[in-house]
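Dock chain B against the given chain A, drawing on the hints supplied.
Each chain, letter by letter, is given below.
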Amino acid sequence: MSSVLTSGIDNTYDTPGRRTPLVTGGHNYSAVTRMVSRISEEAQPTVWWIAMGIAVPLLIMFVSLIGHLFLTGVGVWGNMSPVFWAWPIVNFVFWVGIGHAGTLISAILFLFRQNWRTSINRAAEAMTIFAVVCAGTFPGIHVGRAWLAFWLTPYPSLNLWMWPQFRSPLLWDVFAVGTYASVSLVFWYMGMIPDLATFRDRSKTKWRRMIYGILCLGWSGSSRHWMRYEKAYAILAALATPLVLSVHTVVSFDFAVSQLPGWHTTIFPPYFVAGAIFSGFGMVLTLLIPVRAIYNLKDLITPRHLENMCKIILATGSMVGLAYITEFYMAWYSQNPNEYFTFVNRAFGPYWWAYWIMFTCNVISPQVFWFRIFRQNVILMWIVTIFVNIGMWFERFVITVTSLSRDFLPSSWGYFQPTWVDIGMLVGSFGLFTTLFCLFCKYLPIVAISEVKGVMSQHAHDEHRHEHGHSH
Amino acid sequence: MSDHKPEKKVKPPQAFGWMAEYDDENKFLDAARKVRDSGYTRTDAFAPFPVHGIDEALGIKPTVLPWFTLIAGACGTTTALVMECWMNGYSYPYIISGKPFISLPAFIPVAFELTVLFAAFTTVFAMLGLNGLPKFSNPVFSNPKFDRATDDRFFIWVDSRDKYFNSDKVKALLEGTSPLAVDEVREDDTSTDVPKALYFGILTLILASLIPAVLVWNMRSVRSDKSRWHVFFDMDFMPYRKAQKQTTIFADGRTQRPPVPGTVPRGGYAIDDPMYLGYTPDANTAMITPDSSSVVKLVSAQEGAAQEPKPQEPAPTTQEPTPPAQEPEKPAEKPAQEPTAEPAKQEPATTEPAKQEEPKPEPAKTEPAKTEVAQEPAKPEPPKSVPATPITPAPAAQVPAAQAPAAAAQQPPVAAATPAVPDRKYLEKLPEQFQANDEMFALGRKKFEQVCSACHGFAGYGNGLVSKRAEALQSSYWLQPTSVHDERLQKQPIGQVYYTITNGKGKMAGYGSTLNVKERWAVALYVKSLQRSQNAQATDLSN
Chain A
1 MSSVLTSGID NTYDTPGRRT PLVTGGHNYS AVTRMVSRIS EEAQPTVWWI AMGIAVPLLI
61 MFVSLIGHLF LTGVGVWGNM SPVFWAWPIV NFVFWVGIGH AGTLISAILF LFRQNWRTSI
121 NRAAEAMTIF AVVCAGTFPG IHVGRAWLAF WLTPYPSLNL WMWPQFRSPL LWDVFAVGTY
181 ASVSLVFWYM GMIPDLATFR DRSKTKWRRM IYGILCLGWS GSSRHWMRYE KAYAILAALA
241 TPLVLSVHTV VSFDFAVSQL PGWHTTIFPP YFVAGAIFSG FGMVLTLLIP VRAIYNLKDL
301 ITPRHLENMC KIILATGSMV GLAYITEFYM AWYSQNPNEY FTFVNRAFGP YWWAYWIMFT
361 CNVISPQVFW FRIFRQNVIL MWIVTIFVNI GMWFERFVIT VTSLSRDFLP SSWGYFQPTW
421 VDIGMLVGSF GLFTTLFCLF CKYLPIVAIS EVKGVMSQHA HDEHRHEHGH SH
Chain B
1 MSDHKPEKKV KPPQAFGWMA EYDDENKFLD AARKVRDSGY TRTDAFAPFP VHGIDEALGI
61 KPTVLPWFTL IAGACGTTTA LVMECWMNGY SYPYIISGKP FISLPAFIPV AFELTVLFAA
121 FTTVFAMLGL NGLPKFSNPV FSNPKFDRAT DDRFFIWVDS RDKYFNSDKV KALLEGTSPL
181 AVDEVREDDT STDVPKALYF GILTLILASL IPAVLVWNMR SVRSDKSRWH VFFDMDFMPY
241 RKAQKQTTIF ADGRTQRPPV PGTVPRGGYA IDDPMYLGYT PDANTAMITP DSSSVVKLVS
301 AQEGAAQEPK PQEPAPTTQE PTPPAQEPEK PAEKPAQEPT AEPAKQEPAT TEPAKQEEPK
361 PEPAKTEPAK TEVAQEPAKP EPPKSVPATP ITPAPAAQVP AAQAPAAAAQ QPPVAAATPA
421 VPDRKYLEKL PEQFQANDEM FALGRKKFEQ VCSACHGFAG YGNGLVSKRA EALQSSYWLQ
481 PTSVHDERLQ KQPIGQVYYT ITNGKGKMAG YGSTLNVKER WAVALYVKSL QRSQNAQATD
541 LSN
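Heads up: the protein sequence lines correspond to chains A and B, in order.
For reference, each letter of the first sequence is one residue, going 1 to 472 in this note's numbering.
For reference, each letter of the second sequence is one residue, going 1 to 543 in this note's numbering.
These are calculated hints, taken from the structure and not from any lab test.
Keep in mind the model is a prediction, meaning the values are calculated, not measured.
Glycine residues also receive a C-beta, built at the ideal position from the N, C-alpha and C atoms.
Keep in mind that the hints are not guaranteed to be accurate.
To be verified - Derived list of chain B stretches under chain A, where covered just means 3 residues or more per stretch with a C-beta under 8 Å from a C-beta of chain A:
| no. | region |
| --- | --- |
| 1 | 42-48 |
| 2 | 78-92 |
| 3 | 100-107 |
| 4 | 114-120 |
| 5 | 128-134 |
To be verified - Some chain A residues well away from chain B (every beta-carbon gap over 12 Å; in silico):
| no. | residue |
| --- | --- |
| 6 | E307 |
| 7 | A347 |
| 8 | I373 |
| 9 | I423 |
| 10 | F440 |
Excised from the complex, chain A in its bound form (with noise of 0.2 Å):
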C-alpha cells in the first residue's frame, strides 16, 4: 500500500525507551483490514495464475501416480532391498519437519510474548497445515496397500479381533503425526474465526457473506467471547509446544529405536527438532518473500520480521551443524567400528555427494546470516533459504538411505536408484503443497487480521496510559 512511504525507514532497530512499531506505515485499523481483505477480495495477480499453472498440473500428476501405484503396487518405486525405507519416508520426514515452523511461530512464540509473530503466524500455520498433508500421503502410500491404512488405528476389527502394537515407535508415529494434523488445523481454524467474520461483515454478495457467515460461526466480536477465545488459545499454545517438540521427537524414534548404525543415537531427538525448525522457518521464508512482495505486505510483514527469521534460522542451522559434528565425534568416541564406519562411509562412501550437499547448504549457506547484510537483502535471503530446504531433504535422504545401502550384512550392500515415480512424486507433492497455499491466498486471510490490531493497539494503548496516566 504506502510502502514508497515506510521504504526509508528502518525498523530493524530497537531503540531504547520506546519500542519499534511491528506494523509500519502508520496505518490505522480500517487499512490493515483492507490491507489483508483485499487479497482475496480482489482478482488474483498473474503471478498467481502462473502459480496455480505449475502447480495444478503437478498435482494431478501426483495423483495419478497415486494412482498408478495403487493399481501397480510399491514395485513402481525404487524401494529395492537393502533400502526398503527410501524416498517416500525420506519426502515424509522433509514435509513433517516443514510443518513445524507454523504450530512453532503460534504457539512457542506465543508464550515467550514475541508479538512479531502475529503477522506471519497464519501464514506459517497455513503451510503446516499442507505440509503434514503432503507428510500424511507419503506413509500413507508407503503401507503397500493404502486403502487399508486404517488397520493402524485400534479399531474393533469384526474378523480379525486383533489391535496394534503399541510398544512400536511406528504406532506412535500414526498417533503424533495425527495428533498434531488434527490440533494444528484446529488451531489455525481457531485462529481464523475473527478474520472470516471480518470477511463476512465485507462482503458483497450475498453467497460469500453466507459462506463466510458459516465459516466463521456466526462470531461477533463480543468481549466476552473474545475472552474466551484467548483463554483457549493461549491453551492451545500451551499444549501445541509440547505437541510439536513431540511430533518430530517421534518421528526421530522411528529411526532411532531401531539397531542400525547411523540411526540408533540418543541424539536424533533434539537434532531432528532442530532440523524441523530449522527447515520450517526456511519453508516460510521462501513463501513470505514472494507473498509480502506480491500482495503488497510490507507494512506487515517488515524487514524486521524476516530478519528475526534469519536469526532463527542461522541458531537452528548451526544447532543441526553441531548435531552433524557430534555424530561424528560418538562414531569415533564409541570405538565401536561399525558406527565408526556407517559414518565415515556417509561422509566418503558411495554417497558422498548427498551428504555434502547436505552439509554445504544445512550448516555453511546459513552462516551468512551473521552478516546484517543477508538478513536485510531480501534476495540473498530468499536463495539461502532455497538452500535450506534443498539441504534439509538431502539431510532425511542421507539419514535414511546411506545407513540402510550399508547395513550389517556386507552381501546385501547395495546403492539406491530412485524411479522416475520417485521424483514424479517428490515433485508432485511440491504440486499439491503450492496449490493449497494459492488456495489459501485466495480464500482466506493469509495475516491475522485481529492479532495484528492487537499488537498495534497495545502500542496506542501504552501511549494513551502515557498521556492520561491511569484513570482508574
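Positioned in the frame of chain A, the structure of chain B alone reads:
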C-alpha cells in the same frame, strides 16, 4: 459460563437494546466503565480484537474453560493407558522385541499424544460452546453499522432485559460517552425464512453421503452369486504358478523351482555317505580327496544335476563328458579323451568360483562319485544306469520352458556318441539309519501321495491327474510319466529309486530339495512296496 447464558436467550423477537459506536478503544473502555458503574449487567462490548482491560472495564468474570481442558486431558491420558494396557496386555498379547506386554515407557508417547488431542479439541469446542457458537442470528447484526465491529469500530450494547433497563436513561448514558452514534436495535424477525432451503440441502447432503456406506454395508452382508466387485485387487490376481502352465514369474518359465545355485541344504552336505547318495561310492570315488575344493565340486555337481536341464536330458548327459552348453559342435570326440586328459585339465576350472554358476558337468567328471550326472565316460552300459533311459527324445519336448527345446536340439549328436553309463553300486536295502517299519511306510505313502501321485498316480502307473489332464487336452508334447511298475523299474534297487527321486530323471525334476533324506528313503520304500503289491507272488502271502 453463567454470565453468558443470558445472551443465548436474547432470542425472543421483541428483544432490543441500545448500541453505541466508538472509533477509539480508549473511549470505548471509558464507556464500558461508565456502563458498568451504572449497574447494568446485561451488557456487552464488541471489538475487532481483544481490547486490553475490557474484562475489568465491563465486569466480565473469568471463564471456567481451563477446567474443561484439565478434565479432558486427564481423560485422554487415562483412555490411552487403559486402551494400551488392555489391548496389548490382555486382549491381544504378543511378545515383541523382548518388551513386557504392559510396557509403560513404551506407552507414554501415545498417552501424551491422546492427552493433547483430547485437551485441545475439548478446549476449542468448550470455548465455542461457552460462547454459544455457532449462532448465526444475533440481534446486534441487524444494525448495518455493526459490520465494522470486525474492522475498526467498537460497540457497547445494553440489553433491554436488564433489570434496571430504562430506555431513555440508557440512551442518555451512552450519549454521554462521546460515541460516534447511539442506535436502538430491534431483532431482525425476517431471518428465519432463509435457512429452510438450507436445511433441505444439508439433509440431502447427509443422506447422499450415507449412500456409499449403505452400499458397502449391503455388499458386505448380502450373499450373491456374482463374483466379487474388485475395487482393489489386493492379491487376487497374481501370476500364480499352475501345473503344466508356463509361468511369467520366472525367466525360465518353469513353476517348479530348483534349489538356489551354490547352496547346500541344511544337513545335505555329504560326499560319500551312501545314505545321502543312494549308492556306495567305492571304486568310483577312489579319486576323492577330502580337500577344500570338494565343497565347490559338490555344489557345482548339484547345480548341474538338480537345477539345470541336464538331468532331463537322459542319454546325452549320462555320458556326461561333453558339456553340452559349452561345446556342442564336437561332442563325439570329447568323451574318448576324457578319462585321461580331462580331469587334470578341468580341475582348476571347477575350483574357480565364477564357474560354479554355469551348469557344467566337468566337476562331475573329476569327481565321479559325487555327481549324479554320470561319470566314467568309458563305460557303456545303457540299460541299468540312471541316465540312459529309453525316453531319450522326450524330455526336451516336455519341458515347457522356452529354453529347453534349444538345449534339446543340441543334444542328439551327443547322444549318438558312446553311451557311457556309470555303474554305481546302488544300495539294495534301506541304509542302516532307517528301518523298514510301519512308520517309515506311512511316511513314504504320505509323501508319495502328496508329491508324486499328481503325475505318477496313486498306484504308480503314471496316470496321475496331471497326466490325465494333459491327455485330455491332447497336449502334443506330453509324455506320460513313467510307471513304477515298468519292468525296468522293477529291477532297480531301492538305492536307484532313491537316487532318481533325489536327482530327478528325464523330465522329472529332482526332489532332493523338497523332501529330506528320510522322506526320500521312505518314498523309495513305498515305491518298492507298490511294485511288489502289483506283482505279488504266491510266496508273499506266507507272511
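**Least C-beta distance between E307 of chain A and chain B, which was stated to exceed 12 Å** = 25 Å, holds
**Coverage of the region 128-134 of chain B by chain A, judged on three or more residues with CB within 8 Å** = holds (count 5)
**Request:** Confirm or reject the statement that I373 of chain A sits farther than 12 Å, beta carbon to beta carbon, from all of chain B.
**Result:** 36 Å, holds
**Within 8 Å of chain A's CB atoms, at least three CB atoms from the region 78-92 of chain B: coverage verdict** = Since three or more residues must qualify, the claim that chain A covers the region 78-92 of chain B holds, with 6 doing so at under 8 Å.
**Prompt:** Taking 8 Å as the C-beta cutoff, is the stated coverage of the region 114-120 of chain B by chain A satisfied by three or more residues?
**Reply:** holds (count 5)
**Asked** Can we trust that A347 of chain A is non-interface, i.e. its beta-carbon lies farther than 12 Å from all of chain B?
**Response** 31 Å, holds
**Item:** Separation of I423 of chain A from chain B, once the least beta-carbon distance is taken, above 12 Å
**Value:** 25 Å, holds
**Check on F440 of chain A being off the interface with chain B, judged by Cβ distance over 12 Å** = 20 Å, holds
**Item:** Annotated coverage of the region 100-107 of chain B by chain A, confirmed only when three residues or more have a Cβ within 8 Å
**Value:** That given contact holds, which follows from 3 residues of the region 100-107 of chain B lying within Cβ reach (below 8 Å) of chain A.
**Request:** Check, residue by residue, whether the region 42-48 of chain B contains three or more positions whose beta-carbon lies closer than 8 Å to a beta-carbon of chain A, and give the verdict.
**Result:** holds (count 5)
In the structure shown, no violation is registered for any of the earlier numbered hints.
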